[in-house]
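Could you slot chain Y onto chain W? The hints should help.
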Amino acid sequence: MAVTFKWGARKGDMPVPAPAMVSEPPITLSTSKVLPRVISVLSQRSSPVLLDLGPVVGSNIAFFGDRLACKIHVEDLFNEVEEHARRSSRDGLATTLIGRLRHPDESIDGVLCWDLFDFLDNATGKALATRLASLLRQGGVLYGFFGTTPVELLHYTRFAVASENTFRQKTYPATAVRRNVLLTRDINRMFEGLVVAESVLLKSSTRETLFRKP
Amino acid sequence: MNIGKSVIIKGELSGSEDLTIEGQVEGKIELRQNILTIGPNAKIKAQVFAKAIIVQGEVHGNVAASERVDIRDNGSVDGDLSAPRVAIADGAHFRGSIDMQRQGQGAKPGDMKHPDAKVTETKPTPPATHAGVPTPVR
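Here the protein sequences come in this chain order: W and Y. Here the first sequence stands for residues 1 to 214, numbered as in the working numbering. Here the second sequence stands for residues 1 to 138, numbered as in the working numbering.
For reference, chain Y alone in the conformation it holds in the complex:
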């Protein structure tokens, strides 16, 4: 499904299929089980929730994904990201915070994580032991 360059949507956008946006959206976008692609021409001023989000255009607003957020080269996000996996390309613009905390560990009431979002647990690499490193600073 595609939303073309000339389309402007103000309000809430939700659905159950993958979506590519090339136009403008103001409000809220929710595709809990699907992939959202924000195309190079898109301008989004919205809270965005999806399974996976690929950003090639501009987003002003918080972005939450249950699997992955991928900000590509020339993509731009002004807002907070929440996802177990986040990839930001070298040429991308980002201003905000990135929350990769595992569910149940750092989430506090009022955090932007979507309440129904399923977060895939990522197992962190265990910290290496370093010879000569004194007792951890606490």
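One chain only, chain W, in its complex shape:
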């Protein structure tokens, strides 16, 4: 999936292939237009609390810790998605995901969703989005990517913040699942209670979106 995220691609930003002898997936460096806004918003909040729904990435912990002196909850929901996908069953996935989010309501300043919703069906996505909206404090933000092409997803992506406006992306295998493409209207309905603060359609046909809780 890394190759699908070539947003803001310039010649110098193209995937850097791993050495030929090594079968490591390529690392893609991408420019983000929305991440600076995320950081800007969070840096204005005192001792912000973040919720990262992706796998733990050491460089992200160091980056956000240094910039924001924050508290970060890491809840790798991709891991739960993968476990259900391996069992070829989505039954109970929503309950499992929400069961991982036992934080008090209105206790989170920022949610890092990454591209999680691409892997969820509408019902699961709606249930999760509702829970995330209730976790956010007033003025809190939720950051995510939404693919717009209905392709088979064969990889998850580990997003590592490289600087205030760039990511390194590294893929790791996923049980194949068809991307759930959400129209802008569907996204707005799914995240009821939040408003879209910024949304950018990237060259990779991925929508990079920042929501905030009014």
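Check each hint, because a few of them may be wrong.
Said to hold, decoys possible - Derived lysine-lysine pairs resembling DSBU-like cross-links, with alpha carbons at most 35 Å apart:
1) Lys10(Y) - Lys45(Y)
2) Lys170(W) - Lys51(Y)
3) Lys170(W) - Lys10(Y)
4) Lys45(Y) - Lys28(Y)
5) Lys5(Y) - Lys45(Y)
6) Lys43(Y) - Lys5(Y)
7) Lys5(Y) - Lys51(Y)
8) Lys43(Y) - Lys170(W)
9) Lys170(W) - Lys203(W)
Treat the hints as calculated values from the structure; they're not laboratory data.
Just chain Y, lined up with the frame of chain W:
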């Protein structure tokens, strides 16, 4: 000082010198002024406090350091971390929360931060100003 592979300790472990654990500890570990290394073979079920903590083995429990926590490749922590600086290697396992809030800012009563822990203040990089970015969302 080394605690070998075959050693099992249940209870409270404290001291004033650097320590490497390769065995098993259940309870509490406290080395306020020293470096604790949890070796690749170690299995810890304990609350851990130290100046700096290097994790190469398994830890179940909350981990607090006044300077730094470093979870190395193949290291594993199930619990909450509190330290001004935290490093997590790519191959490491971690499940919990990470508190890098500066002392006095986010600490609330009941937080796991050790009351006597001296927290080195880290100066955050000031946020960059972005041209074209509207008024921050509040």
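### Message
So if I understand the rule, the pair passes when the alpha-carbon distance is 35 Å or less; does Lys43(Y) with Lys5(Y) pass?
### Response
10 Å, holds
### Query
Is the straight-line distance between the alpha-carbon of Lys10(Y) and that of Lys45(Y) 35 Å or less?
9 Å, holds
### Query
Given the hint that Lys45(Y) pairs with Lys28(Y), does the C-alpha gap stay at or below 35 Å?
8 Å, holds
### Message
So if I understand the rule, the pair passes when the alpha-carbon distance is 35 Å or less; does Lys5(Y) with Lys51(Y) pass?
### Response
23 Å, holds
### Query
Can the restraint linking Lys5(Y) and Lys45(Y) be considered satisfied, given a maximum Cα separation of 35 Å?
Given pair Lys5(Y), Lys45(Y) holds - Cα atoms ~15 Å apart, limit 35 Å.
### Message
Run the distance test for Lys170(W) versus Lys51(Y): straight-line Cα separation, threshold 35 Å.
### Response
33 Å, holds
### Task
Sort out whether Lys203(W) lies within 35 Å of Lys170(W), counting only the CA atoms.
Between Lys170(W) and Lys203(W) the Cα gap is close to 18 Å, so the pair holds against 35 Å.
### Query
Taking 35 Å as the top limit, are the C-alpha atoms of Lys170(W) and Lys10(Y) close enough?
It is violated: about 41 Å lies between the C-alpha atoms, which goes past 35 Å.
### Query
Within a Cα-Cα threshold of 35 Å, do Lys43(Y) and Lys170(W) meet the stated pairing?
31 Å, holds
In summary, the one numbered hint that this structure violates is 3.
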